[in-house]
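Residue numbers (UniProt numbering), protein chains in the order written: chain A, 1 to 315; chain B, 1 to 527.
For the record, the hints were derived by calculation from the structure and aren't laboratory data. There's no promise every hint is true.
If the Cβ cut is set under 8 Å, some of the chain A residues that face chain B in the computed set are [what the hints assert, rightly or not]:
hint, residue
1, G18
2, G32
3, D41
4, N42
5, S44
6, G45
7, S168
8, L271
9, Y277
Glycine included, every Cβ here is placed at the ideal spot set by N, Cα and C.
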Amino acid sequence: MFGYMMKRFLQLTVTLFGVVTLVFFALRLLPGDATAAMAGDNLSGEALERLREQMGLNEPLYSQYFSYLGSLLRLDFGNTLITNLPLMEMLMKSVPITMTIALITIVLAIAISIPLGTLAAYMAHKGKKTLDNIITWAAMVVDLMPAFWTSLLLLLILSLSLGIFPASGAVTFEDPVMLMKRIAIPVIVLTITQLAILTRMTRTAVLEVLNEDYIRTARSLGMSEILVVFRHALKNAALPIVTVLGISFGNLLNGTVIVEFIFSIPGIGTLLVNGIYSRDYPLVQTLILFYAFIFIVVNFLTDIVYKKIDPRVQF
Amino acid sequence: MRNVRMGWAILVVISMMVISACGSTTTANKGTNTAGNAKASATGEPTGGDKELVVRFYDNPAGFDPATIFRVENENIAFNVFGGLTTYDGETGELVPDLAESWETSDNKIWTFHLRKGVQWQSGYGEFTAADVQYSYNRIMDPATASTYSAEFADVVKIETPDDYTVVIELSKPNGNFLHVVANYHQGQIVKQEAIEAGGDQVKFNPIGTGPYYVEKIDVNSEIVLARHEDYYKGPAPIKRITFPIIKNESNATIALQNGEIDVIMRSNREEELAILEKAGFKMNSSMNTMTYIMMLNYKNQYLSDVRVRHAVAYALDYPSISAALAPKNETSPAYNIVPDWMDIFTDKVPQYKYDPEKAKALLAEAGYADGINLTLLIGAVNEEYQLVQEYLKAVGINMDFEVVDAATYNQRRLVGEFDISIRAIPALNPDMLLFSYLHPDNIAPAGLNSSSYSNPELTEKLEAAKVELDQEKRQKLYEEVQIIAMEDLPYYPMFGINYYWPSKQNVTGIHINKLSQVNFYDVDMN
Numbered sequence: 001m002f003g004y005m006m007k008r009f010l011q012l013t014v015t016l017f018g019v020v021t022l023v024f025f026a027l028r029l030l031p032g033d034a035t036a037a038m039a040g041d042n043l044s045g046e047a048l049e050r051l052r053e054q055m056g057l058n059e060p061l062y063s064q065y066f067s068y069l070g071s072l073l074r075l076d077f078g079n080t081l082i083t084n085l086p087l088m089e090m091l092m093k094s095v096p097i098t099m100t101i102a103l104i105t106i107v108l109a110i111a112i113s114i115p116l117g118t119l120a121a122y123m124a125h126k127g128k129k130t131l132d133n134i135i136t137w138a139a140m141v142v143d144l145m146p147a148f149w150t151s152l153l154l155l156l157i158l159s160l161s162l163g164i165f166p167a168s169g170a171v172t173f174e175d176p177v178m179l180m181k182r183i184a185i186p187v188i189v190l191t192i193t194q195l196a197i198l199t200r201m202t203r204t205a206v207l208e209v210l211n212e213d214y215i216r217t218a219r220s221l222g223m224s225e226i227l228v229v230f231r232h233a234l235k236n237a238a239l240p241i242v243t244v245l246g247i248s249f250g251n252l253l254n255g256t257v258i259v260e261f262i263f264s265i266p267g268i269g270t271l272l273v274n275g276i277y278s279r280d281y282p283l284v285q286t287l288i289l290f291y292a293f294i295f296i297v298v299n300f301l302t303d304i305v306y307k308k309i310d311p312r313v314q315f
Numbered sequence: 001m002r003n004v005r006m007g008w009a010i011l012v013v014i015s016m017m018v019i020s021a022c023g024s025t026t027t028a029n030k031g032t033n034t035a036g037n038a039k040a041s042a043t044g045e046p047t048g049g050d051k052e053l054v055v056r057f058y059d060n061p062a063g064f065d066p067a068t069i070f071r072v073e074n075e076n077i078a079f080n081v082f083g084g085l086t087t088y089d090g091e092t093g094e095l096v097p098d099l100a101e102s103w104e105t106s107d108n109k110i111w112t113f114h115l116r117k118g119v120q121w122q123s124g125y126g127e128f129t130a131a132d133v134q135y136s137y138n139r140i141m142d143p144a145t146a147s148t149y150s151a152e153f154a155d156v157v158k159i160e161t162p163d164d165y166t167v168v169i170e171l172s173k174p175n176g177n178f179l180h181v182v183a184n185y186h187q188g189q190i191v192k193q194e195a196i197e198a199g200g201d202q203v204k205f206n207p208i209g210t211g212p213y214y215v216e217k218i219d220v221n222s223e224i225v226l227a228r229h230e231d232y233y234k235g236p237a238p239i240k241r242i243t244f245p246i247i248k249n250e251s252n253a254t255i256a257l258q259n260g261e262i263d264v265i266m267r268s269n270r271e272e273e274l275a276i277l278e279k280a281g282f283k284m285n286s287s288m289n290t291m292t293y294i295m296m297l298n299y300k301n302q303y304l305s306d307v308r309v310r311h312a313v314a315y316a317l318d319y320p321s322i323s324a325a326l327a328p329k330n331e332t333s334p335a336y337n338i339v340p341d342w343m344d345i346f347t348d349k350v351p352q353y354k355y356d357p358e359k360a361k362a363l364l365a366e367a368g369y370a371d372g373i374n375l376t377l378l379i380g381a382v383n384e385e386y387q388l389v390q391e392y393l394k395a396v397g398i399n400m401d402f403e404v405v406d407a408a409t410y411n412q413r414r415l416v417g418e419f420d421i422s423i424r425a426i427p428a429l430n431p432d433m434l435l436f437s438y439l440h441p442d443n444i445a446p447a448g449l450n451s452s453s454y455s456n457p458e459l460t461e462k463l464e465a466a467k468v469e470l471d472q473e474k475r476q477k478l479y480e481e482v483q484i485i486a487m488e489d490l491p492y493y494p495m496f497g498i499n500y501y502w503p504s505k506q507n508v509t510g511i512h513i514n515k516l517s518q519v520n521f522y523d524v525d526m527n
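Taking the hints into account, I'd like the entire structure generated from these sequences.
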């Protein structure tokens, strides 16, 4: 296990380096830079040239690249280009918000989809198609609803008509009640987007296991249905579910970008969108690095959980 | 056994989620009702009669240093924090005294400003004096500041301060519009040396000025809070604290106003949202025809370099109909001059191009393009309006394709003049800014904003003559001729004037949007 972890750590470093390099050059291949993003309708090219000079955007690309790598090695993420704010500070503020949203969402999604999926599988197994059909179809319908549309719909219902959640307000941990109220609709939207795939995956995996010989054996030994389903079927179906869960978390982070932007939630998704719009290279680079890091960590955790669930898994 | 325990654990987690969800819902309602009171008492100051205003801010703030400030929403904050020697009246848009009580010039070259006495800086930086003016302007001109507005002071030869309350500025050539240059906008905003130095590399987010409000708190991703400057020279403002929550989505802003979470929407610009708010009985607080949107017809394009083709484009478009159909609230049309009608140099004697598709076809044929031509519109996003423009042009034989790019690319390409046709708004109060920037050959892209690469020696001559002309009447005449030539040559086709709205609750008074699309919060009050 230790050897495995060391190997994974090395892979992680190489991957991150690759991400840094790719993002660095890809960003600069885009036409227009930070000064052009600032230009709007009343700044002239001459004025922007001065600004470009000061921001160091006139330096040759390779020298920008090496100085960036150098500062990364010192774990110095530097400042944003346009607002000149320390990136570390911005990350410390926004990461907890996005992570709170993502974690609550994933817990909710698991809590809803696994029982639902298991129930659907059980019903299908028993030949009671109606409930299975309802669940499968419902999962398909919510899967087809785009996040921005669901967002606006829920905003109209939960905020304007029922007045349960506010449409605006500061999102900070200093005011946890307001924080929860503000992230409620985004969490619901994201949970909905996660439900479909998790429910369907659980249903397929459990259904497959329910048809196995050992389930029949367990039943023939007189085990109660609950024990059969939860202890034997669900446990053996866990492997594919965990795989999907790992991938889902990645999708979920993508999803936060959209809902954060719609609801003006100051998480990393909003930061990222702003950064791309304003060509704020250091900001975008740092955020993508962070996303890559999260993905790698989640993959790593998935692998560990695998091993835990099924000791036969070899790395 | 372990699995049973795990089952229990899952059950516990689920029930906790359910309980906490219910819990947060109930506290949510309470929170909404008491939010206002909680905020007021949290400051620990007396709450009686202290009004707090909540104004929607529509993007993340990008900083408030006058040397590099950009985008109108940031400029609006700076407008209330800083002061200039002159400023713009909120209702009439006229130049009025601000930190300078009076001024004189005999030749438009040497300008003497007499400063107001006893003006106090925010945050205890002492009294405002002539040295502050000198420092601020020198800072803009200093190449190390890399100010985007240094060109505005390009003609300044020297700035002298004979005493604490007098500033004498000498220009290399006369400039009849110099009072615009020293107004409370961009380069004209006066900063305090000690505050700039204390701000260090965070100076953008630590603005210290002499204006009616100071910045109490900025959370760049969440909100800006302004508090009134108790020592403001006109006396403290009626509102004690203004919170600007960042709400990017227009629908969210509308719902927040309807829910009573905010009092004012800074700039609401979607027809359907405006209709909802108007119907719901909110105050609309508008400013009509604030600036002109122009279609830049680039001379670098082989077809558009022919004046007959440019005229054909103008005759092909029925802009009043387009505006009326798609944006009756947001657009004032026709705009038959690139200079908006409220500017004192405006003239209506310019040639007008009323919708006449037959004439457009004839002009194209005359230019030798009877079979039609192909052009591209460089744009940030295609909407119904540009699709209609496309249809109108197609009807006379001009095939216009869209090239859709993101904001940074859009700005970049417009700045270097790499397009056939593109769009721009002309934000200006200073006629020099407008006419020189867009029409003078020195400002041909990428050096300046003359992105159509327009140059007409006759016009250039009159433009330069107007700038040095001391006689107001003669100057007006010269500007008039400039506009007539410009609209005959038509490097820029004026599409429409844009209208601004800051919808608010009925109890909010004094929201006057000036022609820079800014609101002076000193005038704003709540009943």
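Violations among the numbered hints, reported as their numbers in ascending order | Result: hint 1 breaks, nothing else.
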